Structures are given as structure tokens and as C-alpha cells.
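S.K.: Protein sequence lines correspond, in order, to chains W and X.
Here the first sequence is numbered in the working numbering, starting from 998 and rising by one per residue.
Here the second sequence is numbered in the working numbering, starting from 14 and rising by one per residue.
Since the hints were made in silico from the structure, they are not lab data.
Since this is a predicted model, take the numbers as computed values, not measurements.
Careful, some of the hints might be misleading.
Unchecked claim - Below, a list of computed lysine-lysine pairs in the BS3-like style, where the Cα atoms sit at most 27 Å apart:
no.	chain 1	residue 1	chain 2	residue 2
1	X	568	X	207
2	X	671	W	1115
3	W	1146	X	568
4	W	1146	X	671
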Amino acid sequence: MISITINGVTHELDVAPEMPLLWAIRDVVGLTGTKFGCGVAECGCCTVHLDGNAVRSCSTSCAQAHGKNVTTIDAAAHYGEHKTIVQKLQQAWIAEQVPQCGYCQSGQIMQAAALLAKTPRPSDEQIRTVMAGNICRCGAYQRIQAAIKRAAGMTA
Amino acid sequence: MATMLKREGFLKLTGALGAGLTLGFTLDRKAEAAAPAAVFVPNAYLRIAPENTVTIFCSKSEMGQGIAMGLSTVIAEELDYPVERARIEFAVAAPEYVDPVNHTQGTGGSYSTDHLFDYLRKLGATARAMLVAAAAEKWGVAPSSIVTKGDGFVYHPPSGRSASYGEIALLAAAQPVPERVTLKSPDRFTQIGKRLARYDIPAKVDGRAVYGMDVRLPGMLYASVQRPPVFGGRVVRYDAGKTLSVKGVKRVVAISSGVAVLADNSWSAAQGRYALAVTYDDGPLAQLSSKEIYAQAEALLKKPGIPARNEGNIEAALAGGRTYEAVYRGPYLAHAAMEPMNATAWIHDGICEVWAPTQGQTAALKVAASVTGLPESRIKVYTTFLGGGFGRKSEPDAVREAVEIAKATGLPVKVVWTREDDIQHDFYRSTSTNAISAALDSSGKIVGLKHRVVSASIFRRLGRLPADGLDNGSVNGAANVFYDIPNIFVDFVDHEPGIPVGFLRAPGANWNTFVTESFIDELAHAAARDPYLFRRAHLQKQPRALAVLDAAAHKAGWDRPLPTGIHRGIAMCVWDGSFCAIVAEIAVNGKMPDVRRLVIASDTGLVVNPDTVEAQLQSAAIYGLTAALRGKITIERGRVTQNNFYDYAMVRHNEAPKIETVLIASRERPTGVGELATPPVAPAVANAWFAATGKRLRSLPFSDAALT
Chain W
998 MISITINGVT HELDVAPEMP LLWAIRDVVG LTGTKFGCGV AECGCCTVHL
1048 DGNAVRSCST SCAQAHGKNV TTIDAAAHYG EHKTIVQKLQ QAWIAEQVPQ
1098 CGYCQSGQIM QAAALLAKTP RPSDEQIRTV MAGNICRCGA YQRIQAAIKR
1148 AAGMTA
Chain X
14 MATMLKREGF LKLTGALGAG LTLGFTLDRK AEAAAPAAVF VPNAYLRIAP
64 ENTVTIFCSK SEMGQGIAMG LSTVIAEELD YPVERARIEF AVAAPEYVDP
114 VNHTQGTGGS YSTDHLFDYL RKLGATARAM LVAAAAEKWG VAPSSIVTKG
164 DGFVYHPPSG RSASYGEIAL LAAAQPVPER VTLKSPDRFT QIGKRLARYD
214 IPAKVDGRAV YGMDVRLPGM LYASVQRPPV FGGRVVRYDA GKTLSVKGVK
264 RVVAISSGVA VLADNSWSAA QGRYALAVTY DDGPLAQLSS KEIYAQAEAL
314 LKKPGIPARN EGNIEAALAG GRTYEAVYRG PYLAHAAMEP MNATAWIHDG
364 ICEVWAPTQG QTAALKVAAS VTGLPESRIK VYTTFLGGGF GRKSEPDAVR
414 EAVEIAKATG LPVKVVWTRE DDIQHDFYRS TSTNAISAAL DSSGKIVGLK
464 HRVVSASIFR RLGRLPADGL DNGSVNGAAN VFYDIPNIFV DFVDHEPGIP
514 VGFLRAPGAN WNTFVTESFI DELAHAAARD PYLFRRAHLQ KQPRALAVLD
564 AAAHKAGWDR PLPTGIHRGI AMCVWDGSFC AIVAEIAVNG KMPDVRRLVI
614 ASDTGLVVNP DTVEAQLQSA AIYGLTAALR GKITIERGRV TQNNFYDYAM
664 VRHNEAPKIE TVLIASRERP TGVGELATPP VAPAVANAWF AATGKRLRSL
714 PFSDAALT
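Looking at chain W on its own, in the form it has when it is part of the complex (with noise of 0.2 Å):
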């Protein structure tokens, strides 16, 4: 067996440990906030933090997240040492709308979280460099941008 805490929820799942985390925490476990995009760490779209660390859950099995704290954004905002960081993105992301199809934005706003809690205050290229790995396709990459700045105190 498997033993992963998710939200806070410890869950003992009877899967392959070779299975990607996304997929017992989407399919096993029920939680869809997080999002398959591509199944190889290419686009970010199921990012989540194991034990603080943003990580991409397609391409971390479940035996790489046994025994370990697994925060998803469908709860990111109410458990897990980013909590605080997270709520401000999140308001950021409504004050600066956004998102258009939202299908990644899961992904960005959990990176978007180890980034601000790595670095309080980044540079635009900081946020340029740290957001490559997450793709969108409505190309909110602008607004994006703004959200970061704003939830980081540093709206101009």
C-alpha cells in the first residue's frame, strides 16, 4: 500500500507505485482541481506541492510520494505552508481575470505559489524564467505576469 497525505487527508491507495501521482489524485482519489495536460512534465498543467516543492505530478510516481505531504489547489488555500501565499494568488488572479479556458491555471497559480514562497519579491525575469514551464494556451502569460506582481505586493 501507499501511504500519501493529500489536504491534510492521509489516504492508504492500493496502486501501482509506478503510478503518476496525478492520476491517484485525480482518478483514485477524486480531487480534479489538478489537470493532465501531457503526461511528461512538459507543460505544467498538474503541478502540485509535495512537501512544499512545487512538482509536476505526471511525472512523479506515487511511490516517490509515499509518506509525504501532497497539497493540491482544490485545497491549496486552506491547508499547507503556502496557504497564506496561495489565497493572495488566487485574489490576484480574480483582480487581474486572468483566466480565459482556465484549464492550466491550477498548474501556473501552484508554481506561481513555490515561486513566491522561494522568492517574495521576484524580478519580471525571475517570473519569465520560473513560469516557462507552464504552458498557456489562451496565452494569459501577460495577466499572468500582472497576478504574480500584484500577489507579491509589487502592483505598480
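Given chain W's structure and the hints, the job is docking chain X onto it.
M.R.: For chain X alone, coordinates are given in the frame of chain W:
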């Protein structure tokens, strides 16, 4: 009473929809059927309940373009009700939701607001008139003495009485439907034209929004389908021995598109599928390659096509002036929406229910009816949020798969495509080979323009090609060139290599605009004119296009010198009645442009929500930029060679240019915006590239040209 009957029929549908995406939907539906609430349903788009809830049903698919908010704003404006207090739901597939202009339920072509603006205003105004009549009856006063103030109440100022819409909803339901209603004068709009926050955004920042990919039903299995890799191929036989021993795999069934593996989770289904041993008949396209496809097109260039536009005398014009000619070549493109294709189906109790992120409700309905043999009235298609669409999700292929598997197994089933499936089994933007020529007179004006488009026809694939064989979509961006040119000839040569083609953001125009706007730039340089002023000189009869061009040039500071190392280009287009011009500023980064800034001006007629229009211009521009810089699908041995985002690359955050927008204030009827800024991006960047390097790019993407 007719209205009562219609209301009851409608309630059943909305009951199924309202709870259709939750685990307890069966129970909820039964509860609603057992105790049908009495509500005011003036039409299929509105429901006003006594507990003072207003529900607006959106007949169009929300794939990011903000249409659910926009259309709800339009109906709420005339209802005189604050849209932020309305509940917005997606309509089921049903006859009452077909588009009043094209008579199908689906979303595309940027026409939703264009087609529905007046229609929904009338529906909103009619409902308001019935609420006013109800208040007048209730208080025994003249309807003309009743007013609304945009807050969801009716007022009788002389007596100081008021009532919420909910309080008088049932009385309103008993009022006769007025034959005529007065619409608000646009200067009295309080919601249309405002930067209202989108209702769907809070649910899109905390994971609550339900996309097709997120639908879960009790006892549902997940399916992954192994399809023949070669277009036109088929499965001859398969051995599922290894598949059935994969943990989580439950069933394997053959369907029309391939072999479906069902498991208790998506990943196990895919692992089981990869363990299949499948023998294919690759069919007649087994040796087809992109090289061969371009060679076919090259030969077809010499063939006369079907005329799409013929004004003046093109041959005389070309014989009389300084002539220029060029051939442009464009690649296949895949859509690559962030949410891969998927659909969920369940056939039970004599009905078939489908949950899908679809742009084509009518198409989904027809496919489900055809597979199940059930009448359309027994098919329920519920539209979820779409994680991007771009035209791809107008195709019902994933719905067909889900319904076929549901039929074969009797189980609720969700088909989940991998990213590789999504890229390799798309309906692609066609390749295009374009021969374009023109003549300039001694004053530097274009006297003749001839343009031949060789590409595949989407409408032929759909069985909707007109008798004359002209696919108007294929020549969009070529035939509707809007410059003042006395002699114009455009024709279309239908090229069918066998690769499935489909609608992709600004179909036709997303390629042909690259050709026309690059070639206009070539002519400007040939005439030794500034590319902006050269366009201006040919737009004197097109005030809206001219204003948009001027707005972009002005905002970009076209008349001011650029910083060292920065170069600029300009291009424009018309799409669904709207106009767009883009100025691109680039730096040269080795063999690739580094796009630093895009200035986009648009005239989309009356703007319902400026913030949404700006978002769509930004979005469409980035979409076009990806195509310009990297977009290319290649065919080898009858199959697509690209796999995933590592070899079908997207513009990412670190490459995204600064985008500035200018919206022209307009009282014209509202026209399309979702696709508008895609076509001019590539030529604006390529024209900037020419300004920087003197090299004219006549094929895309840039990444290909950089290899040579």
C-alpha cells in the same frame, strides 16, 4: 396552455443539467421530477424562481473566450437585472438552443455575439415586460407606471411599492407574451460595455470548475483507445493477453476508431493499451509524406481553380504594369488545446447521457443518436467547461468513441486522450500552397492582384461543399482582401491528400492572411513606400479598416525611430465583420525573431465587455505567434511525426511579448473577436523580420526557416 407545456418540458431538461455534473445527479433529478418547482420560464434562456433566483442558460460553449459571461450580460441588460447575481448554466443540446442564424447548436467562427446579440436582448426585454405587466396586475396600476432600476426589483414610484422579480415570477408566468418589446437605447446600457468580472473565474482559480476531463460518474471506467497510426488505416486484429494482466484493466473492446482498453483509472487504461499487440492494415496512405503532399500541391498550382472572386480584368491588369509574383507554403497545424480530447457517456434506462467539452452540441447529439439508435429526444448532451477548443472540439469523434464503448459495455465510460493522441489524431489546419501575383502602376498603386489557394476543403470532408466546389473557408483571408484594387482574381484548388482537416482558430484566414499581408509588404517595398502608408493609400474606401490601421500605427509610434536592434512590421485582417491591425516589434536572435512587443488595434463593433475583448486579442495573438514561430505538423509514412509539447512546441511565458491593445469605440453591431488577432500576427512578425534582415519568409514556421 402552451407556455405551461413548454415550461414543464424545459424543467425536465434543466433538472438533469443542473445536477448533471455531480455524483448525486440521479437522486437530484428524481427529486426535481417529483416536485417540479413552479417557476417563470419566459424562454429557454431564462428561469426566474420565486425564491428570487435568476438562472441564465448559455447555449454557446465556454472555452475561454468569455462568451457565457458576455451573452449573460446581454440578456441581463434587457432584463434589467445585475448579471453578477444570476446563476449561469450551460444549456443542454436541444432544439430551443440552436443558433438563430445558422440553425445548429455549436460554437465557432467568432459569431456567437454577432448571432445572438439582438435575439437575447429581445428575450431579456420580453421577460422584463412580463414582470412589469405582472406588477401592474398585482397592484392594479398601469404598466406604464412601473419601472425597473437594474437591481432585480419592479417599482411603482407613485405608491412607493416594490417587489423582487422572484416575488412576482409566478404572476409574470401567467402574463401573455408581448408581441413587441422596446429595447434599451445603447446609451442607457448599464452592464454592456462595462468591465464586469467574469463569473467563471473564481471557480477557475481553486480547481472547482468542471471540465469534460473532470466528469466522474458512479461505477465509471476510464478508456484509452489505440487507433491506427496511419490515416485511413484500420485494425486487422489485436491480442489483449498482456493488457488484461495490467493492474486496474477491466475490459477491452473494439470500436470503430480502434481498440479501447477500460480500467479503473486513466493511467492503467493507457498502460493496458500500450501492452496491446495490434496488427494494422495501413491502407492507401502508408507511404504518404509531407514532401509528397507539397509536390502534389505544386502540381495543382498550375491547374485553374474555382473562382472565389473576380473583379475587373486581372489578365489585362497584370499585362499592363510592373508585375511581381511569389509562392507561399504553409504547414499542417494541430490545435493543442490544454485539455486533451475526452468525453463521457452512459446509456441506461432508455436514454444516452453524454458529458463533453464540446463546441458542437448538435454534432454530438447526432453522433450519439446514430450510435445508439435512440431518438434525439432520448439523448442528453451536457456541455462542461472546455479547456480550450480552437475549433478542434467541434468534432464529435471523442463523443462517438465514448458512446460506442458505453454501448458495448453497458457501463458509464470516460474516454481520455493522451497528449500524443491529441496531436496525432487531430483534424489539422490544412497545408496550403499559394501563388500570388500583382501589378503596380507608375504611381505605386496596386492595379491587379491574383491569388490561387491550393488547400484541402474542410467543408468537403463534412459533406457540406456547395455544388460549385468552392470552399469559402479555404479562401478566407484571400478572397475577402479589402484593399482598393481595381482588378482582383482569387481562385481555389481543392487538394485532397487524405489527411483529415478541420477548423482551427480563424480557419483559412490564419494562413491566407500571412500570404496576402506579407505580399502587400513585398509590394510596398517594391514601390519604395512605407508599409503602413502603402496600406493606407489602398484603404481610402474602407474607413473602419483605415481607422484600425491608424490606431495600431499611432499607438505603436510608427513615425518615431526605434531603439537600436528593434525592428517592426505591420499587418491587418478582417474577420467576421471585425477589423484588426497589429504592429510587431522584434529583435533578431540568431535565426529567430525575438518578439518584444505587439500593438493590436481592433474594431469589433459595439463591445460587450472590453476586458474580455482585450483578453481575446492577447490570446489570439499568442496563438498566432506559436504557429508563426514553431507550428508545424509533419507527415511521414502516413502518420504524424510529432508527439507532445517537446516536439510540437508552444510559445511559453518567457517568450511572450508585451501586448498593448486599442479598442475602437463603435456603435456598429457587435462582431467576432475570439479569432480576430490570430491571422495578422505571423505577417506582422515576418514583415518585421524582413525589415530587420532583408529576408522575406514565404513559408512558416520560423523555426523551419532557421534550419536552412
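S.K.: All hints, please: hold or fail.
M.R.: Status of each hint after checking the structure:
A hinted pair counts as satisfied when its Cα atoms are at most 27 Å apart, and residue 568 (chain X) with residue 207 (chain X) qualifies at roughly 23 Å. Taking the CA atoms of residue 671 (chain X) and residue 1115 (chain W), the gap is about 26 Å. The hint holds against a cut of 27 Å. Between residue 1146 (chain W) and residue 568 (chain X) the alpha-carbon distance is near 25 Å, which keeps this suggested pair within the 27 Å criterion. The suggested pairing of residue 1146 (chain W) with residue 671 (chain X) holds, with an alpha-carbon distance near 15 Å, which does not exceed 27 Å.
Hint compliance for this structure: every hint is met.
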